[in-house]
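My request is simple: use the sequences and hints to build the entire structure.
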Amino acid sequence: MTDGVRIREARLDDAAAVADFTSDTWSDHGREDYLPRVFEEWVRANDERRRTFVACDGSDAAVGLSQVVMLTDDEAWGQGLRVAPRVRDRNVGSKLSRAGFEWARERGATVVRGMVFSWNVMGLGHARANGFDPAAEFRFVHPEPDAGAAPDLPVHDDPAAAWRYWTDSDARSRLRGLAMSPVESWALSELTRGTLREAASADGLFVVDDGGTGGIAFRAREYETDGESAGRVAIYGVGEWDDRAACRSLLDAVARDAGARGVDTTRLLVPETPRHVSDVAEARTEIADGPDFVMAADLTDESLVNPE
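Numbered per UniProt numbering, the sequence shown spans residues 1 to 308.
By construction, these hints were calculated from the structure, which means they are not laboratory data.
Be aware that one or more of the hints could be misleading.
[As the list claims (entries may be wrong)] Across the chosen pairs, the derived CB separations fall in these ranges:
1. Ser-173 / Glu-224: 28 to 38 Å
2. Asp-226 / Ala-150: 31 to 41 Å
3. Glu-137 / Arg-37: 19 to 29 Å
4. Ser-173 / Ala-61: 29 to 39 Å
5. Ser-278 / Gly-148: 19 to 29 Å
[Claimed, not checked] Computed cross-link-like contacts, SDA-like style, restricted to lysine to any residue with a CA-CA straight-line distance of at most 25 Å:
6. Lys-95 / Asp-24
7. Lys-95 / Asp-57
8. Lys-95 / Arg-8
9. Lys-95 / Asn-120
10. Lys-95 / Val-43
11. Lys-95 / Ala-15
12. Lys-95 / Ser-23
13. Lys-95 / Leu-35
14. Lys-95 / Ala-84
15. Lys-95 / Asp-158
16. Lys-95 / Val-294
17. Lys-95 / Asn-306
18. Lys-95 / Trp-186
19. Lys-95 / Pro-36
20. Lys-95 / Asp-20
21. Lys-95 / His-142
The beta-carbon is built from N, C-alpha and C at its ideal position, and this holds for glycine as well.
Structure below.
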């Protein structure tokens, strides 16, 4: 039941309550929850393209949190779902999810997606119980920034070649057409021809030439971070390649770009397959400890927004 719990837009004065119930979210995994650091920024950014919600108890104290962001005209992204331990038996997370679905659909979204760490059993269970279906599985890899990196194969920036390669690629099929979003740091949206053109115009498209296109990657965005891993991060939207030689040259191209831009760390998304992960390992490039899952809810399904 959700008696006594209501959903409203988050306010700055909710910060202390949010910090309290997110203080040890992932302590058993040795990870810091980022939400206390970003909550006030999220609240100040509330507008018609993004909305942060809190669930409140009878005293109007925040006991849950979530955010929904419109990434494109019809793609929304859900993130930051947290519920205070003392109310986790009251379906608060479900109520927050429904509020996000309704808000996103009112703004034209036909799908809302979210990312769940593969080890987050509670998060995966909540997603499946609240209308999300499995969409994609990926891994982050982290080429070391190195302005002097020299790819063995030629690398150019033709967006037409990159788009043709992407449309026929194994990565596109496995990732359901998704790549890291250019507008939100931890979100995925459908990769478009326009995104590749914009990356090329910003010197951020990398197309490996191996007697024809042999691999692609693109820089999606950069941002400053604080907390445990302070510094500047460059996000590379997706990496795909034909073989190990192309993989090594693509990783070198990303490392060179990151080094030239003076960033501290990188995140490059690759499909979670034995081929992709082992190719990166053979290139002696850092790989995240585990994969992440993308879950997706179909907002054209009336029952998700207006359950009986």
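### Message
Tell me if the straight-line CA distance from Lys-95 to Val-43 falls inside 25 Å.
### Response
Measuring from Cα to Cα gives roughly 19 Å; hence the hint holds.
### Query
Are the Cα positions of Lys-95 and Ala-15 separated by 25 Å at most?
Holds - the C-alpha atoms of Ala-15 and Lys-95 are around 20 Å apart, at most 25 Å.
### Lys-95 paired with Asn-306 [C-alpha distance capped at 25 Å]
Roughly 12 Å separates the two Cα atoms, so the pair holds.
### 25 Å limit on alpha-carbon distance, applied to hinted pair Lys-95 and Arg-8
Holds - the C-alpha atoms of Arg-8 and Lys-95 are around 11 Å apart, at most 25 Å.
### Message
If I claimed the Cβ atoms of Glu-137 and Arg-37 lie 19 to 29 Å apart, would that claim hold in this structure?
### Response
holds, 28 Å
### Query
Given the hinted pair Lys-95 and Asn-120, is their alpha-carbon gap at most 25 Å?
Cα-Cα ~20 Å, so holds.
#### Entry: Pair hint Lys-95 and Asp-24, alpha-carbon separation not exceeding 25 Å
holds, 22 Å
### Holds or violated: Lys-95 to Trp-186, with C-alpha atoms at most 25 Å apart
holds, 23 Å
### Agreement of Lys-95 and Asp-57 with the hint, judged by alpha carbon distance not exceeding 25 Å
holds, 13 Å
### Query
How does the Cβ-Cβ distance of Ser-278 and Gly-148 compare with 19 to 29 Å: does it lie in that range?
holds, 26 Å
### Message
Against the range 29 to 39 Å, how does the distance between the Cβ atoms of Ser-173 and Ala-61 compare: consistent or not?
### Response
The hinted range 29 to 39 Å is violated for Ser-173 and Ala-61, with Cβ atoms some 46 Å apart.
### Query
Under the criterion that the straight-line Cα-Cα distance not exceed 25 Å, is the pair Lys-95, Leu-35 satisfied?
holds, 20 Å
Consistency note: the structure conflicts with the earlier hints numbered 4, 15 and 21.
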